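Based on these hints, arrange chain B on the given structure of chain A.
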Amino acid sequence: MATFSTSPVSASGPSLSSTVPTIDIRAIVRHHGPVAAVDHVSFQVRRGEFFSILGPSGAGKTSVLRIVAGFEDPDAGDVLIDGRSMLGVPPNRRPVNLVFQSYALFPHLTVFENVAFGLRMRRVPAALIAEQVEQALAMVKLVGKERRKPAQLSGGEQQRVALARALVNKPAVVLLDEPLAALDQQLRQAMQVELKSIQEQAGLTCVCVTHHQEEAMMMSDRIAVMHQGRMWQVGTPRDVYENPRNLFVSRFLGVSNELPGRVDDVVEDGHLFHPADDQVPAFPVHAGSEASPGGSATWSIRPERLRMSRERPAGRDAVLNGFIEKVLFAGSETKYLVRVGRDRLWEARTTGAGESPHAPGDAVFLHWAPGDGRVFVE
Amino acid sequence: MKQRSLGLNAVSLLAMLFLYGPIIVLVLYSFNAAHLSMTWRGATLKWYAALVHDEALLAATANSLLIALVSTIGATGLGGLLALGMEQMPHRRQQLLEGGLVLPLVIPEVMMGVALMLLFVTVHVPLGLTTVILGHIVFNIPLVTIMIRTRLRKLDPVLREAAADLGADSWQVCRHVTLPLLRPAIWGAVLVAFTVSLDDFLVTFFTAGPGSTTLPLKVYSMIKSGVTPEINALSALLLVVSMIGVAASLYLQRREV
Numbered sequence: 001m002a003t004f005s006t007s008p009v010s011a012s013g014p015s016l017s018s019t020v021p022t023i024d025i026r027a028i029v030r031h032h033g034p035v036a037a038v039d040h041v042s043f044q045v046r047r048g049e050f051f052s053i054l055g056p057s058g059a060g061k062t063s064v065l066r067i068v069a070g071f072e073d074p075d076a077g078d079v080l081i082d083g084r085s086m087l088g089v090p091p092n093r094r095p096v097n098l099v100f101q102s103y104a105l106f107p108h109l110t111v112f113e114n115v116a117f118g119l120r121m122r123r124v125p126a127a128l129i130a131e132q133v134e135q136a137l138a139m140v141k142l143v144g145k146e147r148r149k150p151a152q153l154s155g156g157e158q159q160r161v162a163l164a165r166a167l168v169n170k171p172a173v174v175l176l177d178e179p180l181a182a183l184d185q186q187l188r189q190a191m192q193v194e195l196k197s198i199q200e201q202a203g204l205t206c207v208c209v210t211h212h213q214e215e216a217m218m219m220s221d222r223i224a225v226m227h228q229g230r231m232w233q234v235g236t237p238r239d240v241y242e243n244p245r246n247l248f249v250s251r252f253l254g255v256s257n258e259l260p261g262r263v264d265d266v267v268e269d270g271h272l273f274h275p276a277d278d279q280v281p282a283f284p285v286h287a288g289s290e291a292s293p294g295g296s297a298t299w300s301i302r303p304e305r306l307r308m309s310r311e312r313p314a315g316r317d318a319v320l321n322g323f324i325e326k327v328l329f330a331g332s333e334t335k336y337l338v339r340v341g342r343d344r345l346w347e348a349r350t351t352g353a354g355e356s357p358h359a360p361g362d363a364v365f366l367h368w369a370p371g372d373g374r375v376f377v378e
Numbered sequence: 379m380k381q382r383s384l385g386l387n388a389v390s391l392l393a394m395l396f397l398y399g400p401i402i403v404l405v406l407y408s409f410n411a412a413h414l415s416m417t418w419r420g421a422t423l424k425w426y427a428a429l430v431h432d433e434a435l436l437a438a439t440a441n442s443l444l445i446a447l448v449s450t451i452g453a454t455g456l457g458g459l460l461a462l463g464m465e466q467m468p469h470r471r472q473q474l475l476e477g478g479l480v481l482p483l484v485i486p487e488v489m490m491g492v493a494l495m496l497l498f499v500t501v502h503v504p505l506g507l508t509t510v511i512l513g514h515i516v517f518n519i520p521l522v523t524i525m526i527r528t529r530l531r532k533l534d535p536v537l538r539e540a541a542a543d544l545g546a547d548s549w550q551v552c553r554h555v556t557l558p559l560l561r562p563a564i565w566g567a568v569l570v571a572f573t574v575s576l577d578d579f580l581v582t583f584f585t586a587g588p589g590s591t592t593l594p595l596k597v598y599s600m601i602k603s604g605v606t607p608e609i610n611a612l613s614a615l616l617l618v619v620s621m622i623g624v625a626a627s628l629y630l631q632r633r634e635v
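So the sequence lines, in the order shown, correspond to chains A and B. Each residue of the first sequence is one higher than the last, beginning at 1 in the working numbering. Each residue of the second sequence is one higher than the last, beginning at 379 in the working numbering.
I should point out that these hints are in silico values taken from the structure, not numbers from a laboratory. Among the clues, some could well be false.
To be verified - For lysine-lysine, the following DSBU-like pairs were computed, each having C-alpha atoms within a straight-line distance of at most 30 Å: (1) A:K196 x A:K149; (2) A:K145 x B:K424; (3) B:K532 x A:K149; (4) B:K424 x B:K602.
Every value quoted in this text rests on a predicted model; they were computed, and no experiment measured them.
Extracted from the complex, chain A is given alone in its bound form (with noise of 0.2 Å):
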């Protein structure tokens, strides 16, 4: 494992084919006033793959997908789909279909004219559009329904209207804005698989925008991270979550146990991380090239790579005790905050059934391999 830097990504580059790529966005820069809302952002996106740009509100992605969309420009880069410049090209010739957050389905018109909109508005056959609206209704399950207003639909059945109007057109490729973002928690999770089955089943290339990190890990094929305008990862869901280019891609996509310090002389297999607290004892990690000896860096590890036991553990794991403080019962899992230092307090996890093995005020200590935990230099 490597050493992370924190500057961001520059041109990404996904593995190459020989085919263009149906999404390729060259450095996008995108201004709103003074503020740079896009900064130099590159991605490409193969077909039938589902892509998530995932960040925190104001990261820029929604304008990323305006821009891909039509309804922004670029104040400098370029969007080509299926190697065609998009530049100038308004949304209505572009080969795109949008998800809205808020649906936007037309109130005055019928679930049918709802999804009919896009082939009516290209003048598709009647006999046609009867054919493709059926096929589209009968994909979001909502066969029957033909004649309600949006109004008349719970908001379920608005996402699965919305999504059908959207892939009726068969559009290169399905932007999704925050598209789960207005249900409700169970729902959105029966959403999230039916959503990505439609997306395998009908071979659909998407481009979804979303800042909830679970769902983008759990639909996306690859993901990007995206903070202040930039890109600062783009990868698979696992290399996204276990290699995380920086601290913020660590704390973004999970719970980030830290320790501050410096990493320092070099030992067998890697470097020695001297915590800044003195109280912690240093231990080794795998640290890259990049690691110089002396700079300061910050360690971090994810809760499910903590194990923590009763007794202090034997063998080769760096060790801290701490104190239990509170045991959360979230049904598969368990997870407990383990207070270790005055102001520091970690998440650690166990799962599977039966009763918690650890209550509030319990010494426990902590402990974990070199490899288990990732270096950030800053």
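Only chain B this time, still in chain A's reference frame:
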């Protein structure tokens, strides 16, 4: 609590009576059999019947309806386009135009009438039906624009984006999304413009010429020779038409899509 609401009811009743008293009296006396008298001599419909045979009155009615119709179409077209166009402007210019729109509504109508007359005389347009229609279009444009703008602002701009995203060019967006959603406001504006035009006296007075006498002008000239039950009957009919217009307009504006 109970007493206070009783008092409140009494005051409301008095206010309503004050508002509608004259109208009630007018409508009642339009059925009075007595001629030139404020004493009640039994009910009759003869004044209404007399209206139908008054040629001058019928001509004035025809004028009024023609003027209202043409000026409503003109004002709705121009005012509607203005409302749609204003949406595309930068915010500052919208505010400026909005101020300009309200001005004709707040300046005294007499001034508006005089100004229009002076304008027509200056550019040598003979006063007649055309000038009355132009005058009515002028004062109806602000009404129409403000009513349609109110609705337009409530429309989610995302709907127009969604239509464009689905392949609609700007004309198709307008035809298939914006206009259908504006329809209640447009009909409301049509009814208000029609009613206001039908009722207008001042602007009409200054811009009318020979052969373009409207119903309000006719009533005014008739009243010089005394209030007749015929005028009461005519006014009662006008009142009904106006009330239907306003009620329909309110209904259309309240109704959701």
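Verification of the hints:
no.	hint	in the structure
1	A:K196 x A:K149	26 Å, holds
2	A:K145 x B:K424	59 Å, violated
3	B:K532 x A:K149	19 Å, holds
4	B:K424 x B:K602	22 Å, holds
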